[in-house]
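Asks: Chain by chain, the residues run as shown.
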Amino acid sequence: MTLPLLVFGWGNRSRGDDALGPLCVERLRAELAPREDIEFLDDYQLMVEHVLDLHGRRRVLFVDASLGCAPPFETLALRAAADGSISSHSLSPQALLQVYRELHDEDAPPCTLLAIRGMRFELGESPSASALAHLDAALHWARGWLSMPQVLRRA
Amino acid sequence: MTASLETAAQPQGLRRVAIDPVSRVEGHGKVTILLDAQNRVQQVRLHIVEFRGFEKFIEGRPYWEVPVMVQRLCGICPVSHHLASSKALDHVVGAMPVTPSALKIRRLMHYGQVMQSHALHYFHLSSPDLLFGFDSDVNRRNIVGVAAAHPDIAKKGVLLRKFGQEVIRATAGKRVHGTGSVPGGMNKHVSAADREMLLRDVQQMTDWAADAVDIAKTLHALNPVLYDHFGSFRSNMLSLVRADGALDLYDGVIRARDADGNMLFDGASDQGYLDLIEEEVKPWTYMKFPFLKSLGREHGWYRVGPLARLQNCDFIPSPRAEAQRREFADWGKGRTQHATLAYHWARMIEVLHCMEVIAALLDDPDILAGELMASGPRRHSGVGVIEAPRGTLIHHYEVGDDDLVTRCNLIVSTTHNNQAMNEAVRSVAREYLDGHELTEGLLNHIEVAIRAYDPCLSCATHALGKMPLEVALVGADGRLLDRVEKSSEGGFVHRLEAGA
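Chains as they are written, first to last, in the working numbering: chain B, 1 to 155; chain V, 156 to 655.
Check each hint, because a few of them may be wrong.
[Claimed, not checked] Partner residues aside, some chain V positions facing chain B, computed with beta carbon under 8 Å:
{"hint": "1", "residue": "V299"}
{"hint": "2", "residue": "A303"}
{"hint": "3", "residue": "P306"}
{"hint": "4", "residue": "I308"}
{"hint": "5", "residue": "A309"}
{"hint": "6", "residue": "L374"}
{"hint": "7", "residue": "R562"}
[Claimed, not checked] Not everything, but these chain B residues come out facing chain V in the computed CB check (under 8 Å):
{"hint": "8", "residue": "N12"}
{"hint": "9", "residue": "I38"}
{"hint": "10", "residue": "D42"}
{"hint": "11", "residue": "A82"}
{"hint": "12", "residue": "L91"}
{"hint": "13", "residue": "Q98"}
{"hint": "14", "residue": "V99"}
{"hint": "15", "residue": "W145"}
{"hint": "16", "residue": "L146"}
{"hint": "17", "residue": "S147"}
Since the hints were made in silico from the structure, they are not lab data.
Quantities reported herein were computed from a predicted structural model and do not represent experimental measurements.
Ideal Cβ positions, reconstructed from N, Cα and C, are used throughout, including at glycine.
With the sequences and hints as input, model every part of the structure.
Replies: Written out as structure tokens, the structure is:
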């Protein structure tokens with residue numbers, strides 16, 4: 001059965017602050033385990049097949065480390081965009097939503113991006129202290145988001 | 156097979172073009188091209204920014220952690236590292252051989268991994284170039300463009316990839332960071348429920364894989380001049396084969412052929428790879444250049460991956476893929492095919508073979524029950540060689556009495572293909588760029604040649620805001636003449652500098 005809410009984070013846990021996405025998912029998964037309306041997923045990268053994980057959801061929260069956002073984090077209501085960002089074996093969340101639209105002939109469910117500011121991404125490094133502080137702030141926001149009436153109830 | 160265009164005779168006074176990094180290639184790659192005043196290509200080099208600390212990352216760790224740990228080195232082919240390290244450490248724990256159940260479950264995992272990796276590469280990374288043209292509208296030349304123009308192809312690609320990942324989950328335990336394979340065997344069987352779930356789709360996926368071969372074959376037939384000659388150069392080929400000469404992606408002996416298909420050596424044990432292969436260091440790049448010791452540095456470099464595997468083996472041990480291999484061989488009229496774009500055709504034949512193997516293994520009761528672990532006399536070293544999606548992958552470990560890894564050596568597929576990718580880039584630069592004004596489309600020809608090898612540099616992070624592309628044209632006096640930028644979101648800005 002597809003659960004109505006999806007929290008999906010990506011990044012490599014062995015590359016310093018790149019771990020912020022999976023760490024955020026891990027913490028939320030542990031804290032919110034009793035809730036039966038949320039599925040938690042994490043992966044190395046956002047890939048095109050993740051379009052299948054969006055189908056049938058009410059809301060989706062994406063979580064990733066970001067070099068470009070203002071600290072400690074930024075949020076963005078995502079819109080599909082043919083931005084051509086599949087510049088590696090990954091693509092942007094906006095492009096993923098565009099692929100969803102092309103494949104399903106309809107828009108993806110409402111998706112929100114939680115971009116957490118990271119600074120260091122070297123192999124073998126642990127997340128930096130400042131990145132972990134950003135994670136704490138982002139978690140506080142995510143808990144609130146997952147409790148919002150419009151997230152909890154069907155529109 | 157001399158390396159012409161590797162080093163310009165007189166590099167002073169030449170213009171330098173850098174493509175940095177190469178897009179749709181995992182990790183970071185940079186191409187530098189030196190042009191003279193008439194835009195004639197004088198020097199071409201592919202620089203791969205390979206992380207040099209893999210081995211140090213492993214050394215000092217308990218050996219039993221390694222098969223899980225190495226998956227964190229690479230987000231693209233973690234299963235290949237998981238299995239190659241397990242195979243190497245099987246020797247350390249004396250599990251030679253592993254049990255039939257462990258072997259079959261590992262094979263199932265590996266063929267699922269190769270299938271899904273090839274599907275991603277062909278349908279989503281290379282098909283934009285192949286379906287729309289190398290110099291078509293850059294804003295359309297991506298997976299979104301493919302999904303809009305060919306939704307059936309895009310959907311098949313997504314679902315094939317998803318199926319392969321479900322195979323991995325069913326065998327490795329998780330979609331990410333699986334723990335299924337361990338030194339000495341496996342720690343779980345495939346569940347009956349997962350087997351049933353996979354069996355429901357296996358015929359459909361096999362038929363789609365056959366469709367993918369037809370697409371690749373048709374593209375060759377429609378434009379044989381392009382497909383047979385683009386980025387073509389002669390090389391040796393190296394891969395594992397089964398002892399009887401069959402294609403085998405999981406295990407076997409090492410075989411190498413020369414550019415005419417003559418056997419250089421065959422039946423070599425993977426444990427003795429250091430007797431066969433040596434790595435050369437060049438001053439202009441951090442990535443090493445492996446070569447066959449018997450032929451030496453100049454003539455001993457080789458290609459690995461689908462093109463090498465399909466032409467090194469004597470047959471494919473599954474009927475539909477074998478029929479396609481014969482057609483592939485017939486296309487070359489009995490000669491070894493060296494065309495870079497033939498990698499795609501060979502890759503799709505491997506997808507079909509993988510699906511046939513997966514179907515057969517799902518019908519095998521040994522994946523549901525039976526002994527999972529083996530053991531024997533403890534040893535201090537082991538080598539694991541596997542045919543990863545991109546080619547031969549070697550893991551070599553030495554382990555002390557305290558169970559800690561004291562030495563680790565990895566040779567990844569992309570390193571084996573280092574010289575070959577450089578040759579492909581030079582071939583394309585010579586044919587398409589020489590004497591012409593540079594455009595995005597022309598530069599994409601270079602990238603198309605590199606992408607055919609599906610290099611995985613495994614050193615990338617993918618945080619938002621990374622992975623830009625910058626092409627800089629530098630004059631003979633070192634002054635920046637022109638610059639093109641491509642953002643991580645795919646935006647493309649051409650900034651012609653004053654005075655250019």
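Asks: Could you run down the list of hints and mark each one as holding or not?
Replies: Okay, the hints, checked on the actual structure:
no., hint, in the structure
1, V299, "holds (4 Å)"
2, A303, "holds (5 Å)"
3, P306, "holds (6 Å)"
4, I308, "violated (11 Å)"
5, A309, "holds (6 Å)"
6, L374, "violated (20 Å)"
7, R562, "violated (18 Å)"
8, N12, "holds (6 Å)"
9, I38, "violated (17 Å)"
10, D42, "holds (7 Å)"
11, A82, "holds (4 Å)"
12, L91, "holds (7 Å)"
13, Q98, "holds (5 Å)"
14, V99, "holds (5 Å)"
15, W145, "violated (18 Å)"
16, L146, "violated (21 Å)"
17, S147, "violated (25 Å)"
Figure legend: structure checked against the earlier numbered hints; hints not met, in rising order: 4, 6, 7, 9, 15, 16 and 17.
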